[in-house]
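Visitor: Heads up: the protein sequence lines correspond to chains G and S, in order. According to the working numbering, the first sequence holds residues 1 to 110 in order. According to the working numbering, the second sequence holds residues 1 to 123 in order.
These are computed hints drawn from the structure, not numbers from a lab. Heads up, a few of these hints could be off.
When the alpha-carbon atoms are kept at most 25 Å apart in a straight line, the in silico DSS-like pairs for lysine-lysine are as follows [unchecked claim]:
(1) G:LYS52 - G:LYS3
(2) S:LYS41 - G:LYS105
(3) S:LYS55 - S:LYS20
(4) S:LYS64 - G:LYS97
(5) G:LYS97 - S:LYS20
(6) G:LYS97 - G:LYS69
(7) S:LYS41 - G:LYS97
All of these numbers come straight from a predicted model, not from anything done at the bench.
Listed here are the chains, written in short residue letters.
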Amino acid sequence: DAKTTQPTSMDCAEGRAANLPCNHSTISGNEYVYWYRQIHSQGPQYIIHGLKNNETNEMASLIITEDRKSSTLILPHATLRDTAVYYCIVTLGGYQKVTFGTGTKLQVIP
Amino acid sequence: GAVVSQHPSWVICKSGTSVKIECRSLDFQATTMFWYRQFPKQSLMLMATSNEGSKATYEQGVEKDKFLINHASLTLSTLTVTSAHPEDSSFYICSASGTGASYESSQGRDIQYFGAGTRLSVL
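Input sequences plus hints: build the corresponding full structure.
Guide: Written out as structure tokens, the structure is:
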């Protein structure tokens, strides 16, 4: 799996958009970008994934740069329940083992 | 759909005893399951990958005789921590990927779905 780099922590005001960046400059052509989050003392939760096009679902949007070397996860209206550690992972797919980095600890502030 | 159930959620045991953790896919067929371990304030570390009906593949540094993994059916994998010691105290998490209508309808394919985790405390 390609290595990813994320900021250690970020704060976001409640109701505002949270933009979480991820660098993955060594990504290969057939690797996807996945985002998971882990709320304290729980198992990780899938958020979204994409290959090269921007993706949106009910939880978030994923913006992948044209050269695919970086991406941004956007939570459009952050709530206190979005406080968690967010992991950006690059992998060939769900059947493949993944390596979790240190992630970004997002703190949503009232 | 695509729910993974992990049991127990919390277990305390005496040093030297064995503990079994179950991971079940409730509404899909988990052809591949993964077991992770997470120490406080650290990230998840992959311990092993198991495919249904095959022996598990362990990551470097993980003792296969200590952490026994069985994936005998498409809906169940178990992790047994044998002769547990205090240093084995950790948060153990399973994940699964596979096939089936509920799995593919939940955001599509190629996603790992995680259990809620098991907190093991060895006294």
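Visitor: Hint by hint, say whether it matches the structure.
Guide: Here is what the structure says about each hint:
1. G:LYS52 - G:LYS3: Holds. G:LYS52 to G:LYS3 sits at ~17 Å (cutoff 25 Å).
2. S:LYS41 - G:LYS105: holds (11 Å)
3. S:LYS55 - S:LYS20: holds (17 Å)
4. S:LYS64 - G:LYS97: holds (17 Å)
5. G:LYS97 - S:LYS20: Given pair G:LYS97, S:LYS20 holds - Cα atoms ~23 Å apart, limit 25 Å.
6. G:LYS97 - G:LYS69: Roughly 21 Å separates the two Cα atoms, so the pair holds.
7. S:LYS41 - G:LYS97: Holds - the C-alpha atoms of G:LYS97 and S:LYS41 are around 22 Å apart, at most 25 Å.
Checked against the numbered hints listed earlier, the structure breaks none of them; every hint is satisfied.
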